[in-house]
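*Asks:* Listed below are the residues making up each chain.
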Amino acid sequence: MKKILFTSAMAFLMFACGNNKKDSSGSGISIDGSSTVYPVTEAIAEEYRNEDSEVDVTIGVSGTGGGFQKFGRGDIDIANASRSIKEDEKAIAAENNIKFIELEVAYDGLAVIAHPENDWLDCITVEELKTIWEPAAQGKIKRWNQIRSEWPDEEIHLYGPGVASGTFDYFTEAINGKSGSSRGDYTASEDDNVLVQGVSGDKYGLGFFGLAYYAENSNKLKLVGVDGGEGCVEPTAETVSNGSYAPLSRPLFVYVNSSSIQNNPKVIDFMEFYLEEVPSLLKDVGYVPLTEEEYKRERKKFSNFVEQNKAE
Amino acid sequence: MNNIKANRLKDQIFKFWGIACTLLGLVLLAIFIGSILIDGLQRIDWDFITSLPSRKAERAGIYTALMGSVWVLVLTTIIALPLGIAAAIYLEEYARKGKLSSLLEVNISNLAGVPSIIYGLLGLEIFVRILEMGSSVLAGSFTLALLILPIVIVSTREAIKAVPQSVRDGSFALGASKWQTVARQLLPASFGGILTGVILALSRAVGETAPLIVIGALTYVPFAPESPMDEFSVLPIQIFNWISRPQEGFEVNAAAAIIILLLITFLMNGIAVFFRNKWQKKLG
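These protein sequence lines are chains H and E, in that order.
Residues 1 to 312 (the UniProt record's numbering) make up the first sequence, in order.
Residues 1 to 284 (the UniProt record's numbering) make up the second sequence, in order.
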């Protein structure tokens, strides 16, 4: 007994004192941020190991906001983001003398979804979506026929992502005009799979979530087209990437710190690999690639950024 | 007569009510474990345990997350065990019973109920930032050690309290000092109970996600930790990540990883039961 206590106490002391801080920067690449962008960057990191297995790429999921916080402090080399950096986040980065570049890597569509037995809804206008989801609708818009009179006189059941999700931010901004402004009386979940289950079991349900979740469950759900003023458009790889599925398609970003480019040539290598390989890997994770032109533009943008920072 | 009958009836009703309550919990648990087993069992093989995370569900494995969990578990034990036991011995055997010690007692019990994410925030500030450990295995282990310390202290005190007063009196009567009494009588006699408490606390630690995410534990790590200062991921984070992915294959992976996590917990509880039986026999 005494021995056990003694050894564990000794081991404790050894661990507590013996390990001085190890330099964690090294040749590793640290990435953090959005959970939406995570699968893309994970796929790249996985493939990059075949290129250069010496480089340890690590990816965290602290959310877009959490990622920018670390990015602004200079804790990470690359930030995954499902929206552009905000002014206050920029200000923090500037305070810490961090210069960066924003690169678009993919598109994500938000799909509006109904139950497969729903035979009245094929297309919905942006105004109608606003009628349903705006804060003023809370407690008032409760039946399908309140939105369009020929729709059934039945209760409408709404499903959507919770407030902490980037998808929620994006949808509310695109539809209601202000990020985060929405009615609160709907079934909310941060896990899109829960929303899939909800809508697929509810004939009078209506929901929205990432297009990838529809693609995996298309047999249980009905995809609704969205009319943004120029006729009805269903989200497909094509309509999302050429921008005609508006306003519910959004770009996904990665942000690269300039000092990482100066200190760690592997970051340049990794990002070049990223922009080269990402179109072919996106299918596996369910997102839509940019057009070839746009990737060329992003590659050019990145190589200019590298030139600039190397020269300094 | 009637009164007796009525009482018997009440007795019977309560008995069935009790059975129903017991079954409700057990049946739900059985359904849960059953569905996890059906989903995940066929996915578990050596490759699954030794592979790195991947975008393709059928190629993905839990190696780095599993090794991260093992590291965290071992370090948490090493940190929490001596601290918790020493604190409990002090409170139970040395501290003068008074206002201060009862204040401590209430607060330790309260700490056991503090949401785990609060410990994460504490760990982020103290271990990750002030002590500059970074988002390392060590910082994670210290955070979880804090989290389970109250449980370890409370259960250790209970175990020590359960040793009959006559053992203490006898030891003192033979001229033993307080330390000798604690080291040679109380600790061996209560060790089974202490260990049970510690292992149950660790079983809680191994399932924690929130505080580790707060201190910056990662999701994709292509290497197993080699030192306490390395970055890491743990099984619950990997499971959480998989569950929220759209592709169905990841759900199966999550179920398989849950089975592994459950196995670890069962194993630990098994060890606790084993030690408790062994030490109790010794005392008898």
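It should be emphasised that the hints constitute simulated quantities derived from the structure, not laboratory data.
Possibly wrong hints are sitting among the right ones.
Unchecked claim - With a Cα cut of at most 30 angstroms, we get these calculated DSS-like pairs of lysine-lysine:
(1) H:K140 - H:K70
(2) E:K56 - H:K283
(3) H:K70 - E:K56
*Asks:* Looking at the structure, which of the earlier hints fail to hold?
*Replies:* 1
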